[in-house]
Amino acid sequence: MSESSTMDGPGGPDRRRRLARLAYGAFVGGVMGFTLTALALQWLGTAAPATLTLFQGIALIITAATGAIGGIMVAMSFSRRLYNIENQSDESDPEEYGDAAPLLRFAGTGLLATAVQFAALALPPERGAGDIVLPLIMAALLVQLWANWQLWQRSDELRRAVTLEGAAIALAAIILIISLWAPLAIYGHVGFDPLAVVIVITLANLVPSLWITHRRGL
Amino acid sequence: MFVSDSLTHRDQRLQNRLKEHRLARGWSQGQLAEELDVTRQTINAVETDRYDPSLPLALRAAKLFGVPVEALFLDDWMPKERR
Numbered sequence: 001m002s003e004s005s006t007m008d009g010p011g012g013p014d015r016r017r018r019l020a021r022l023a024y025g026a027f028v029g030g031v032m033g034f035t036l037t038a039l040a041l042q043w044l045g046t047a048a049p050a051t052l053t054l055f056q057g058i059a060l061i062i063t064a065a066t067g068a069i070g071g072i073m074v075a076m077s078f079s080r081r082l083y084n085i086e087n088q089s090d091e092s093d094p095e096e097y098g099d100a101a102p103l104l105r106f107a108g109t110g111l112l113a114t115a116v117q118f119a120a121l122a123l124p125p126e127r128g129a130g131d132i133v134l135p136l137i138m139a140a141l142l143v144q145l146w147a148n149w150q151l152w153q154r155s156d157e158l159r160r161a162v163t164l165e166g167a168a169i170a171l172a173a174i175i176l177i178i179s180l181w182a183p184l185a186i187y188g189h190v191g192f193d194p195l196a197v198v199i200v201i202t203l204a205n206l207v208p209s210l211w212i213t214h215r216r217g218l
Numbered sequence: 001m002f003v004s005d006s007l008t009h010r011d012q013r014l015q016n017r018l019k020e021h022r023l024a025r026g027w028s029q030g031q032l033a034e035e036l037d038v039t040r041q042t043i044n045a046v047e048t049d050r051y052d053p054s055l056p057l058a059l060r061a062a063k064l065f066g067v068p069v070e071a072l073f074l075d076d077w078m079p080k081e082r083r
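Chains S and R are the protein sequences, given in the same order.
Under the working numbering, think of the first position of the first sequence as 1, with each following residue one higher.
Under the working numbering, think of the first position of the second sequence as 1, with each following residue one higher.
Keep in mind that the hints were calculated from the coordinates and are not lab data.
Beta carbons are placed, not taken as given, at the ideal position from N, Cα and C, and that holds for glycine.
Warning: the hint list may mix true and false statements.
What the hints assert, rightly or not - Reference excerpt, derived from the structure (chain S facing chain R, CB under 7 Å, subset only):
hint, residue
1, Glu96
2, Asp156
3, Glu157
4, Leu158
5, Arg216
6, Gly217
7, Leu218
Claimed, not checked - In silico negatives: residues of chain S with every beta carbon more than 10 Å from chain R:
hint, residue
8, Leu54
9, Gln150
10, Gly166
11, Ile169
12, Ile174
Unchecked claim - Here's a subset of chain R near chain S, in silico, CB distances under 10 Å, partners left out:
hint, residue
13, Gly30
14, Ala33
15, Val38
16, Thr39
17, Arg40
18, Gln41
19, Thr42
20, Arg50
21, Ser54
22, Pro56
23, Leu57
Using the sequences and the hints given, assemble the complete structure.
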């Protein structure tokens with residue numbers, strides 16, 4: 001190992017600090033996001049948590065997680081103070097915030113659009129929500145596409161490498177899962193819920209991307 | 001020591017002396033990032049062996065410090081006939 005890697009390499013204090021921050025943020029964000037989403041849905045009268053299917057429940061958890069993380073990222077992009085709390089590195093440059101803020105904003109916007117997409121997907125269509133839900137989902141997908149394109153355009157080679165690595169793992173995982181799922185569903189061993197397909201594709205994309213982003217120290 | 005006892009694994013990342021050269025110039029990671037037109041996170045990831053830079057970036061870094069690429073990025077691999 002080089003000397004430079006001993007300071008914050010695997011198991012180092014910087015890594016532990018990052019993991020602790022990640023775990024704390026995920027827990028607080030997840031609980032807050034889930035509670036707010038459940039309350040919002042109840043307030044809208046579209047669904048009571050007790051009537052949700054398993055996949056609708058998972059969709060709401062994804063809504064909560066992406067909403068919370070996306071919200072934090074967008075908030076950080078508008079607040080240097082918040083950004084500095086999250087990035088207490090000895091090497092951090094005062095100028096860095098100016099470069100990082102747009103990236104945080106677009107990444108956060110993409111995650112917020114994902115939250116909207118999954119909140120809309122979780123609404124039970126039999127209650128007449130289809131008229132609102134479909135345009136909402138289409139708009140959310142367009143926002144995701146736009147945000148991801150903006151992010152790609154502004155990324156340097158490390159961020160692009162992380163994106164491509166995550167996409168490669170996601171593609172392999174999706175091919176494997178769908179290829180196993182399809183024959184099992186065709187022969188009647190498991191169901192085939194379209195919402196579950198979207199959830200699998202999203203998780204197969206999000207989980208490796210977040211893991212690789214963390215591994216590369218971003 | 002900069003060179004590990006085993007760099008023969010296929011997934012082993014390159015070791016490098018980027019940090020030593022940067023510190024010798026008295027630059028921060030941000031300053032080096034600006035010189036090389038990348039983000040500070042990229043410099044940090046390279047210095048901590050989390051990311052192997054692209055060939056163009058490695059060449060730019062070597063030119064910037066006025067050293068050959070192999071003086072900046074270390075690899076003990078040798079062609080078979082020379083082993």
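Just to be careful: measuring from the Cβ of Glu96 (chain S) to every Cβ in chain R, is the smallest value less than 7 Å? 5 Å, holds
Close enough to count: is the Cβ of Arg216 (chain S) nearer than 7 Å to one in chain R? Holds, about 5 Å.
Hint validity - Gly217 (chain S) Cβ closer than 7 Å to any chain R Cβ: For Gly217 (chain S), the interface hint holds, since the closest Cβ of chain R sits about 5 Å away, which is under 7 Å.
Grab the minimum C-beta distance from Gln41 (chain R) to chain S and call the hint holds if it beats 10 Å, violated otherwise. 5 Å, holds
Status of Gln150 (chain S), Cβ more than 10 Å from any chain R Cβ: 16 Å, holds
Please confirm whether Leu54 (chain S) is truly not at the interface, meaning its C-beta sits more than 10 Å away from all C-beta atoms of chain R. 37 Å, holds
For the hint on Leu57 (chain R), just tell me whether its beta-carbon gets within less than 10 Å of chain S. 6 Å, holds
Run the C-beta distances from Ile169 (chain S) to all of chain R and say if the shortest one exceeds 10 Å. 15 Å, holds
10 Å Cβ clearance of Gly166 (chain S) from chain R: Gly166 (chain S) clear of chain R: closest Cβ-Cβ about 14 Å, beyond 10 Å.
Should the hint that Glu157 (chain S) touches chain R count as held when the rule is a Cβ pair under 7 Å? 5 Å, holds
Thr42 (chain R) as an interface hint toward chain S, with CB separation required under 10 Å: 4 Å, holds
Given a cut of 7 Å on the nearest C-beta pair, is the interface hint for Leu158 (chain S) held or broken against chain R? 4 Å, holds
Of the numbered hints stated above, none is contradicted by the structure.
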